Structures are given as C-alpha cells and as structure tokens.
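Trainee: As you go down the protein sequences, you meet chains B and L in turn.
Using our numbering, the letters of the first sequence correspond one by one to residues 1 to 603.
Using our numbering, the letters of the second sequence correspond one by one to residues 1 to 603.
If you're looking for bench data, these hints aren't it; they were derived computationally from the structure.
Errors might be hidden in some of the hints.
With the Cβ distance kept under 10 Å, some of the chain B side facing chain L (calculated, not the full set) [stated by the list, open to error]: (1) 140; (2) 152; (3) 153; (4) 186; (5) 203; (6) 228; (7) 256; (8) 378; (9) 381; (10) 384; (11) 465.
Nothing here was measured: the structure is a model prediction, and the numbers come from that model.
Note that beta-carbon positions come from the ideal geometry of N, C-alpha and C, so glycine has one too.
Protein chains: 2
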Amino acid sequence: MTQMQDKVAPSAQSRVDDWLGRFEAALAARDIDAAAALFAVDSFWRDLVAFTWNLKTVEGRDGASGLLAACLDSIDPSGFRTSEPPTEADGVLEAWIEFETATGRGKGHLRLKAEGAWTLLTSLRELKDFPEPRAELRPKGARHGAVAGRLSWAEELELEQDRLGRRDQPFVVVIGGGQGGIALGARLRQLGVPALVVERNARAGDSWRNRYKSLCLHDPVWYDHLPYLPFPENWPVFAPKDKIADWLEMYTRVMEVPYWTSSEVTSAAYDEETGYWSVTVRRDGEEILLRPRHLVFATGMSGKPNLPSFPGMDEFAGEQHHSSRHPGPDAYRGKKAVVIGSNNSAHDICAALWEHDAEVTMVQRSSTHIVKSDSLMEFGLGDLYSERAVRSGMTTEKADMAFASLPYRIMPEFQIPIYQKIREHDAEFYERLAKAGFQHDWGDDGSGLFLKYLRRGSGYYIDVGAADLVANGEIRLAHGQVDHLTRDSVILGDGTELPADLVVYATGYGSMNGWVADLCGQAMADRVGKCWGLGSETTKDPGPWEGEQRNMWKPTQQPGLWFHGGNLHQSRHYSLYLALQLKARYEGIPTPVYGLQEVHHLS
Amino acid sequence: MTQMQDKVAPSAQSRVDDWLGRFEAALAARDIDAAAALFAVDSFWRDLVAFTWNLKTVEGRDGASGLLAACLDSIDPSGFRTSEPPTEADGVLEAWIEFETATGRGKGHLRLKAEGAWTLLTSLRELKDFPEPRAELRPKGARHGAVAGRLSWAEELELEQDRLGRRDQPFVVVIGGGQGGIALGARLRQLGVPALVVERNARAGDSWRNRYKSLCLHDPVWYDHLPYLPFPENWPVFAPKDKIADWLEMYTRVMEVPYWTSSEVTSAAYDEETGYWSVTVRRDGEEILLRPRHLVFATGMSGKPNLPSFPGMDEFAGEQHHSSRHPGPDAYRGKKAVVIGSNNSAHDICAALWEHDAEVTMVQRSSTHIVKSDSLMEFGLGDLYSERAVRSGMTTEKADMAFASLPYRIMPEFQIPIYQKIREHDAEFYERLAKAGFQHDWGDDGSGLFLKYLRRGSGYYIDVGAADLVANGEIRLAHGQVDHLTRDSVILGDGTELPADLVVYATGYGSMNGWVADLCGQAMADRVGKCWGLGSETTKDPGPWEGEQRNMWKPTQQPGLWFHGGNLHQSRHYSLYLALQLKARYEGIPTPVYGLQEVHHLS
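Start from the sequences, fold in the hints, and give me the full structure.
Mentor: Structure (structure tokens):
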C-alpha cells in the first residue's frame with residue numbers, strides 16, 4: 001500500500017472496533033437480523049458455553065440468528081472489545097476479544113473478511129460471582145488471627161476426606177482418574193464444586209504405569225500441560241509413561257483433587273424425578289452408595305478395548321491379548337510375535353518387540369496415516385505449541401483458544417497444506433514406506449493426523465522410529481483381514497499363514513458410551529449415543545455433520561450425564577468449560593442449553 | 001529538564017553503555033587501575049562465582065583492584081552489555097547487564113552515580129560448555145529411533161538408583177533432605193552432577209510434617225518458589241506445613257532428585273591426600289560407605305536445637321521439650337503452659353496452645369522484633385515478590401537478582417525507611433504491644449526483620465495473629481531469665497514463680513557447624529567455624545565484617561565441605577551458585593577461589 005492509501009484506509013483496529021461496535025449495538029437492541037447480517041454468508045460461530053451453555057458451532061447467518069433468537073435475552077452480552085491489537089493477513093483480520101454476559105466473563109476470537117465475520121469464537125472463562133481463587137485471589141492459606149479450636153489444614157483435609165461419600169455427598173462424581181478425571185477434578189476443586197474422582201487402580205497415574213513399558217507421550221510437552229501447573233522448563237519433550245504417571249500422582253495430591261483409588265464404580269442409576277444419581281462404588285471390599293447430581297464418565301479414549309472375535313482364538317496355544325494388556329517385550333525374546341493392526345499401539349508394540357529380539361510381523365488390515373514426530377511438531381504444532389512459540393509470547397491459554405477458534409468444518413482447509421508440506425519434506429521416508437508395501441493414507445481428504453484423530457480417534461501413527469523398521473523390513477508386514485487362528489498361527493483371508501507364539505490385538509478401543517451400557521444399562525447408553533467424531537462422512541465417521549465432538553464436554557441427552565476426556569490438550573482445555581457448566585448448576589445459575597445435540601449413532 | 005537540555009544530556013542508555021565500554025576496555029587491556037577508577041569511592045562489587053569462584057563482596061576502588069588483580073587473567077571477562085533499557089531515579093542509574101567469562105555466562109546489575117559505579121553485581125548463570133538442558137535444550141525424553149535392548153526410563157532410573165552408593169559413587173553427598181537439600185539436589189541433577197541427598201526421616205517433606213501442627217510458612221508464596229517448578233497460581237499465599245511437605249515430596253520425585261530416606265549419616269572423614277570423603281550412612285539397618293569428593297551440609301537453619309540447661313530440669317514433673325519437638329496443642333487443653341522465648345516459634349506455639357484452651361505464659365528474655373505479615377508483604381517484599389510484581393513483569397529470577405544486588409553493608413540504609421513506614425502504618429498495633437509490656441525492637445539500627453534474619457537468624461516474629469493475643473493479655477507475658485525449675489513451676493531471676501504443666505523451650509537453634517562437630521569431629525568444626533551472620537557488630541553478630549554470610553553456599557576452610565540452606569528464597573537462589581561451583585569441579589574446570597573467608601568465630 002502507498003503512503004497515501006495508508007492515510008485513507010482505516011486501521012485494522014478501527015475496522016475491528018467498528019464491527020464489534022455494530023455487533024454490540026445490534027445485540028443490545030435485540031436486533032437479531034442486524035447482528036446476523038454482520039456475518040459473512042460462509043461463516044461459523046463457535047460458542048463454548050458463553051451464549052449457548054453448550055459447545056455449539058452454528059453456520060452462516062441463519063445459524064447466528066437461530067442462536068441469538070434463543071439465547072440473546074438470557075445471556076445479555078455486552079462489552080465486546082479487543083484485548084490486543086488485531087492483525088491482518090491475506091485479507092482476513094484477526095482479533096482476540098473479550099466480552100461479558102449476565103453471569104460471566106468471556107474471551108474469544110474473530111476472523112473478519114470484507115464481507116463480514118468469517119469465524120467467531122466466544123468462550124466462557126469465568127462466572128462473575130465465582131471467580132477462581134488464583135493470582136490476586138489466591139487463598140491466603142494460613143488463617144491469620146487467633147481462631148479458637150482451629151484445625152490445621154491437614155486436619156481439615158482429613159476430615160473432609162473422611163466425610164466425603166459418607167456424611168457429605170459430592171455434587172459431581174467423576175468415573176475414571178486418568179488425566180481427564182484429574183484435570184476436571186482440579187478445576188472443580190478450584191471452583192469449589194464438591195466432587196469426587198473414582199479410580200479403580202491403586203495409584204493415581206496407574207492408567208499410564210500399567211501400559212507397555214516403552215510407551216512415551218507422542219504429543220510434545222507444550223501441548224500436554226495440565227491446568228494450573230504446567231510441566232517445568234526441564235521436562236522432556238516426550239515424557240516416558242512412568243514420568244507422566246508420577247506427575248499425575250503428585251498433581252492429584254498437591255491440587256487437592258478429591259480422589260479415591262482402588263475404587264470401582266459398579267453401577268449407576270438416575271432418578272428422573274429427584275435429579276439424583278445412585279452410584280455404587282466398591283472400595284476396600286465395602287460397597288458405598290454415592291448420590292451426586294452429576295456423573296461424568298472420564299473413562300478414557302483408550303478405555304474400552306475393542307477385542308475382536310476370530311474363529312480359533314480358543315484353539316490358539318500361544319499368548320494372545322489386546323494391546324491394552326500387553327506387558328512389554330521382555331518375555332518374548334526369540335519368539336514369533338504377530339501384531340494385528342497398524343496404528344499407534346501396533347507400531348509401538350512392534351518396535352519394542354523388535355528391540356528385544358522378537359520376530360515381529362505386523363498385520364495391516366487397512367491403511368494408516370503416518371507422520372514423523374518431528375515433522376508434526378514442526379509443521380503441525382510449532383506455531384502454537386513449541387519452545388519458539390513460548391519465546392514469542394504464546395501462552396498455553398492463547399494457543400488453546402487459537403486451536404479452538406478454527407471451526408471443525410473448515411479445519412481441513414487449514415490442515416491440508418500442512419500435510420502437503422510434510423509430504424514434500426519427508427518424501428524419501430514415504431517412498432521407502434510405500435516400497436515396503438505399507439498402505440499409507442493422508443486422511444480421506446488429505447487433511448492428515450489431527451482430523452483423523454478428531455473424526456475417529458484412530459487410524460494413525462506418530463512415528464518415533466517404528467516406521468523405519470517397517471520400511472526396511474525388520475518388522476515384517478502382512479496385509480489382509482484375519483480369517484482364523486490355529487494352534488500355532490494366524491491365518492489371513494488370502495490363506496497366508498503366520499506362525500505365532502504371541503498374538504497382540506492392536507485393534508483399538510470402543511466408544512465411551514460402552515461404559516454407560518456396562519454401568520447404567522443399554523437403554524441409557526443408547527439414549528446418549530456414540531461418543532466422539534464429527535459426522536464428517538469420512539471413514540469411521542458417518543454423517544450427519546455434528547459440528548462438535550459427539551457428547552464430549554457438554555450436555556448430553558441424559559440429564560446429569562457427561563463425558564470428559566481426549567488427549568492432554570483437550571483434557572486441559574475442555575475441563576474448564578465442563579467445570580464451569582457444573583459450577584453454574586451447583587450455584588443455581590440458569591443454564592438454558594441451546595441446540596442440545598441429537599443422537600444419530602448408537603456406538 | 002527542558003527540551004533543549006534533553007538534546008544535550010546523554011540518555012541513560014548511553015551513559016551506561018559508556019561506563020560498560022570503558023570497564024570492558026580496561027579489563028581487556030588488563031588495566032586494573034583504570035577499571036578500579038570507574039568505581040565511586042564508596043562502592044561495592046558483589047561477585048557470585050563469576051569472577052571469584054566465591055561469594056564475595058569487595059568495597060571501594062581498592063577492593064575492585066584486589067579482586068581484578070587476582071582474577072582478571074583467568075576469568076577473561078568480556079561482552080558487557082545491558083539486557084534491557086536502564087532506568088534512572090534520584091541521580092542513580094540502574095542497569096541489568098550480561099557478560100561472559102572464559103568458561104561462563106553471567107548476568108548482573110549496576111548502580112551508577114555521577115562519580116562512578118556505586119554497586120556492581122556479577123553472577124555466574126551458566127557454564128558455557130554445560131548449559132542446562134531446559135527450554136530449547138530440554139531433553140527429548142523418548143529416544144526416537146530403534147534401540148536394540150532399550151531400557152525404559154523407569155528401568156534406567158531403577159538401575160541408577162540401585163547402583164548409586166554401591167557400584168557408582170556420587171560426586172556430591174548432601175546431608176539433609178529438606179528444602180535446601182532438595183533444591184540443591186534438583187540443580188545438581190539438572191547439571192548432570194552425580195549426587196545423592198541423604199534424609200534421615202522416612203519421607204521427603206517430613207522435616208515440615210513433623211513440626212507443630214499449626215505451622216504455616218511466614219514468607220509469601222512468590223518468595224518461596226523452588227527452582228524450575230514454581231508453585232502454581234492457586235497456591236495459597238502462606239502454605240500450611242503439610243502442603244509444603246507434600247510439595248517437597250512430589251518435587252523430589254518429579255525432579256528426579258537422587259534421594260535416600262530413612263538414612264542417617266553417622267560419620268564423615270576427609271582424606272586430604274586423595275581429596276575424598278568417607279561418609280558412613282545407616283540405611284535399613286545397613287551401614288553403607290559413600291565416597292564423594294564433596295560433602296554439603298544442608299541440615300537446616302532450624303536443624304540443631306539449642307536446648308538450654310537450667311537447674312531443676314531433672315526435677316520438673318511436667319512435660320518439657322524444645323520447640324522443635326513440640327507436637328502441637330492437642331494434649332494441653334486446660335493445662336498451664338510456660339513457653340520460654342518470644343520469637344517466631346514461641347509466638348506460633350503460644351497462639352496454638354491458646355486456641356486449644358491452654359493457659360499460656362510467654363517468658364520474654366530479650367527484646368523481639370515483630371512485624372505484621374501483611375505489612376512485611378506490602379512494604380518489605382511487595383515490589384519484588386507479590387502478585388502485583390508478577391503482573392508488572394517481575395520474574396523470580398529478576399527479583400532474586402534485585403535482592404542480591406544490594407550489598408549487605410548498605411542494606412540497612414534501604415531497610416530503615418521501610419520499617420519507619422511500617423512503624424507509622426501499624427502505630428496502634430505497636431502501642432498496644434508496648435502497653436502490654438512487650439519488649440519490642442526494630443533491630444539494633446532500626447533496619448528491621450530481614451537484617452535481623454541475615455545477622456543472627458532469629459530475634460523476630462512475623463506476626464500472623466499471636467501478637468494480638470499478647471497485646472490483649474490472653475497470652476500472659478513474663479520477663480526475665482529462667483533461674484531454675486521446681487517440680488511444678490518455672491522460677492525466673494526475680495523470683496517470679498510460673499506454675500507449669502508444660503514447659504516449651506523456644507530457645508532457638510545453633511550454628512550448622514555443630515553438625516560438622518557431630519559427624520566429623522570438633523577439629524573440623526573449628527576449622528570451618530561459625531555459619532551464618534555478617535559480622536555487623538550487632539546483637540549476636542559479632543565483628544569483624546564478613547561481607548557475606550559466613551560459610552554459606554561457597555568454599556569453606558575445609559576443602560570439599562560446603563553448607564547450603566537458608567529460607568526458601570535463599571535455598572532456591574543460592575542453590576544455583578553452589579551447583580555451578582560443584583559442576584565446575586566435576587568437569588575439571590579451573591575454579592581459583594579469591595578471598596576465601598577466614599574464620600573469626602567458632603560457633
């Protein structure tokens with residue numbers, strides 16, 4: 001632009017302020033049409049709780065109208081402003097925004113084109129009457145002054161722990177004490193919502209300790225922080241499972257998460273009239289009845305193993321188990337190992353077996369998307385979650401919001417170029433894989449790993465070394481479906497015989513509502529339907545389009561029943577919204593839900 | 001200043017750059033006189049390891065000359081520059097600086113007057129060849145690729161722990177696993193120095209768990225962070241002892257500090273010829289011999305109780321113990337408790353007893369300095385260690401350096417006005433105390449709490465409520481020395497009889513070299529001399545002036561023997577310098593010590 005043009009063209013700040021001003025004015029005047037007209041034809045408004053008391057993405061002007069028609073009065077939003085100077089690139093203005101509602105304070109993000117708003121993200125960050133006690137509001141700790149009959153912190157905590165579940169009922173019970181349950185438990189504690197996290201293993205972190213020994217995180221540290229207490233500067237990029245386990249264990253303690261170990265939920269029933277759950281927990285040989293108002297399943301994306309059923313499994317004389325039960329390679333030196341599956345667990349397990357001198361065959365049943373860990377870090381996450389991002393001032397909160405500001409519908413557009421870059425960058429690697437006969441895909445539409453994860457939670461491998469073993473033939477590759485097992489081998493559909501001392505079924509995991517079926521009955525499992533997936537009409541993610549993850553972190557068709565989980569990033573980020581929704585209910589703040597998701601699939 | 005003057009007067013940046021340029025040029029030319037002349041007549045150069053391989057404050061031009069004459073060649077400093085724009089107030093320029101030496105990178109601070117440098121702080125931050133593996137250099141974690149016979153992280157750690165002290169000897173043994181030993185252990189781990197922290201209690205953190213139950217930290221959270229892993233935003237301002245204990249326990253684990261619990265060092269002897277220690281440790285009924293090159297006593301400022309010896313103690317029929325053994329108030333409801341002492345522990349214990357309905361008498365033997373916790377936080381620490389400091393961009397590292405940049409010699413000048421402000425602010429409080437007969441002081445020279453702490457480690461109370469109980473007579477006050485005990489009372493020098501069921505000797509702690517005497521013999525204890533204190537010729541801090549804390553965090557008169565400790569701030573900050581000194585020795589980097597402290601007092 002020439003200097004003279006600079007003098008007449010309004011700045012990015014003024015253009016954003018103009019839009020926000022008109023948006024706010026329309027909202028204040030309850031002029032829904034005017035507000036909707038501020039959106040481009042192709043536009044998306046993603047609301048995380050603030051307007052809809054839901055996690056909801058609406059599309060276009062009609063979507064915005066519908067949302068506003070339902071929510072505007074009760075939400076009464078105001079105070080829209082930027083929180084820092086907007087930026088501009090490729091004809092799109094980007095702005096970080098803040099705003100208020102009747103009961104909350106929100107933050108968000110706006111992408112503005114000449115035509116109007118392209119993407120708007122509004123997210124609730126805190127409830128006005130119940131700000132989190134941190135920073136300036138952090139608790140004092142020592143109760144200064146003289147308090148007759150004072151109990152020490154430790155005594156109070158012990159008393160609270162004794163009474164929980166007996167004299168005092170929690171408002172929320174969280175089933176599952178992995179990173180999801182723990183992150184949510186910490187948020188609820190912070191917000192003063194009486195809660196209890198129930199974990200069946202003996203120690204917090206065991207869900208990681210009990211995994212195969214070579215397991216390390218595949219997501220880098222900056223992506224993985226838990227709420228409030230980030231990993232320190234000297235934490236490794238990819239933490240080994242036991243290190244994560246130890247961290248989770250101490251986090252649970254220092255964050256004062258109310259947490260029962262060696263405790264198993266055996267059943268849960270909901271009383272529609274009273275709005276209470278009856279949750280039975282087996283603990284130390286005792287059966288305890290809990291009566292919360294809300295029940296959160298945080299049983300894990302890798303919680304419910306998918307164990308296939310092949311003819312001859314009962315004849316097979318060797319060892320066989322699902323990948324979730326694989327102990328690691330130590331016992332299989334010199335043995336023939338056949339691993340069914342070609343995604344993450346399969347690769348990890350095959351590589352570890354190879355490192356310990358087993359003879360390893362991987363049976364690939366369908367194509368897998370592989371991306372090298374370094375490439376994913378660099379091209380996929382680097383702008384938001386990396387040391388260089390940190391150095392440039394990126395905070396975890398901002399990175400999470402940037403991630404969230406991209407509507408799922410258009411995310412492929414943004415991801416496809418990234419994977420094209422990766423494909424070029426690692427061309428030689430993919431060529432070697434292809435030469436070895438590995439069936440590789442880039443996602444149905446070339447949009448790569450993260451979308452495969454969002455759509456189906458599987459079908460990929462973040463390569464940390466196993467792919468080279470496949471490419472150079474050290475791990476043998478076989479293709480096809482399993483037909484049956486014999487006493488000592490696996491027979492594929494085309495008759496290929498694979499002698500085996502060990503068969504590992506790296507065959508994935510089922511939808512979390514499988515747990516609902518187990519604990520609450522099939523009827524309730526069907527009422528809430530399948531968890532996860534976007535309805536993208538891609539492999540294993542049938543339509544219709546949902547707009548958000550099915551059932552995750554938001555109201556379901558079963559009052560009082562919620563799901564929490566996902567990877568560490570999602571456990572961290574979405575635990576805030578789920579905790580706020582539960583806190584609002586605890587405090588009796590009205591939470592009219594807009595656009596409660598419908599159930600299109602049962603599992 | 002008028003605008004015309006602005007045009008001719010050089011900016012703060014250029015004046016600092018000018019001084020730094022001339023300083024660097026003089027150093028490069030080895031022109032010691034020229035360098036010394038850049039200092040004001042009344043000036044101080046405090047070096048933390050970078051130049052002197054010591055913690056050393058020198059004074060005036062002669063001090064600077066002496067230091068440079070000894071160190072300049074081997075240190076070969078260069079690259080002096082500001083790291084941010086200097087500021088100016090009251091005729092003094094202040095600048096944060098960076099520089100390099102032959103083997104290290106340093107940071108520092110400069111106060112410049114028209115006459116020359118007033119204060120210069122130079123501190124070593126890292127060894128060039130051994131940068132800490134953090135941030136961009138953080139360990140990868142997962143070893144990517146395929147590694148035959150790979151051990152998992154947990155397996156490697158277990159192997160290391162099995163071998164430590166048996167097959168593999170640590171380079172450094174740290175006696176004492178409280179916050180000092182733990183912070184140092186974490187730094188040494190980070191720097192790759194094989195070390196072992198030996199703790200006699202059963203769990204890390206027990207040194208706090210075992211204290212009287214009402215104990216909370218009296219220093220606020222921002223002051224207390226451990227290295228690498230700060231307390232989170234929602235940590236209380238004043239953490240209860242058990243919360244700190246839990247944090248220390250998990251910190252030890254997640255920071256992978258090599259740490260033995262239930263292990264007691266029984267003796268330590270040094271072989272002058274070989275330069276090795278023989279340290280015997282009793283662990284699980286076994287006697288283990290450790291052979292480190294360096295031995296660090298981190299046994300605590302509150303490690304060696306000072307138990308007085310009064311006639312009649314053996315006759316007294318009630319309970320009596322030192323404050324360090326006080327279990328808390330629970331057993332003393334309705335009992336008569338007499339607490340000897342009027343400083344921190346005495347106040348805490350008296351208040352807790354009062355809260356549990358004991359009849360409490362405090363025997364004040366000498367004056368005490370009291371400051372209200374809120375006032376200390378606000379006026380004493382607020383600019384550096386507070387939420388508002390954090391919001392204004394103050395980091396812990398910077399706050400520590402700002403604190404360190406003030407030479408001990410002139411610290412009183414800076415502290416006296418603060419306490420004058422506090423005296424005014426809390427005038428009513430001090431009046432009530434005086435009316436109750438409490439003997440209050442402001443330090444010998446009115447310089448208040450922190451200097452009392454630095455000079456003698458005691459003689460004060462950070463008031464969190466007990467002082468009001470004294471002021472209003474709920475805690476009875478008696479004055480004088482203890483003459484003797486009878487079967488059921490304490491008799492003071494003036495004949496006052498204080499009936500007692502319980503006597504608590506809140507009579508303080510002894511110098512850490514008492515531990516050296518116990519474990520290594522009196523001769524070695526005398527060789528190193530008294531720990532702590534500045535030689536200020538104030539109460540309990542006899543001269544001559546030392547310039548730095550006696551024996552702390554720096555070379556002592558006993559080769560291979562070191563002391564670490566202090567409050568959480570000092571444990572954090574000074575652990576860096578001690579760790580660097582040990583790392584340099586581990587790597588064989590020359591460490592010529594300038595101005596090794598002489599011993600002026602034995603205890």
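Trainee: Measuring from the C-beta of residue 186(B) to each C-beta in chain L, is the shortest one below 10 Å?
Mentor: 9 Å, holds
Trainee: A closest beta-carbon separation below 10 Å is what the hint needs, so does residue 153(B) meet it against chain L?
Mentor: 3 Å, holds
Trainee: Hint residue 140(B) vs chain L: min CB-CB distance below 10 Å?
Mentor: Holds, about 5 Å.
Trainee: Double-check residue 228(B) for me: the hint is only fine if its C-beta lies closer than 10 Å to a C-beta in chain L.
Mentor: Interface hint status for residue 228(B): holds (4 Å vs cutoff 10 Å).
Trainee: Using the nearest Cβ pair, does residue 152(B) come within less than 10 Å of chain L?
Mentor: With Cβ-Cβ at 4 Å, under 10 Å, it holds.
Trainee: Can we keep the residue 256(B) interface hint, with Cβ of chain L closer than 10 Å?
Mentor: 8 Å, holds
Trainee: Does the nearest C-beta of chain L fall within a distance shorter than 10 Å of the C-beta of residue 381(B)?
Mentor: Violated: closest Cβ of chain L sits about 15 Å from residue 381(B), beyond 10 Å.
Trainee: With a cut-off of 10 Å, does the beta carbon of residue 465(B) approach a beta carbon of chain L closely enough for the hint to hold?
Mentor: 4 Å, holds
Trainee: Less than 10 Å between beta-carbons is the criterion; does residue 384(B) satisfy it with respect to chain L?
Mentor: Because about 17 Å separates residue 384(B) from the closest Cβ in chain L, which is outside the 10 Å limit, the hint is violated.
Trainee: Report holds or violated for the interface hint on residue 378(B), using the least CB-CB distance to chain L and a cut-off of 10 Å.
Mentor: Result: violated, 14 Å to nearest chain L Cβ.
Trainee: Can we keep the residue 203(B) interface hint, with Cβ of chain L closer than 10 Å?
Mentor: 12 Å, violated
Consistency with the previously given hints fails for numbers 5, 8, 9 and 10, ordered from lowest to highest.
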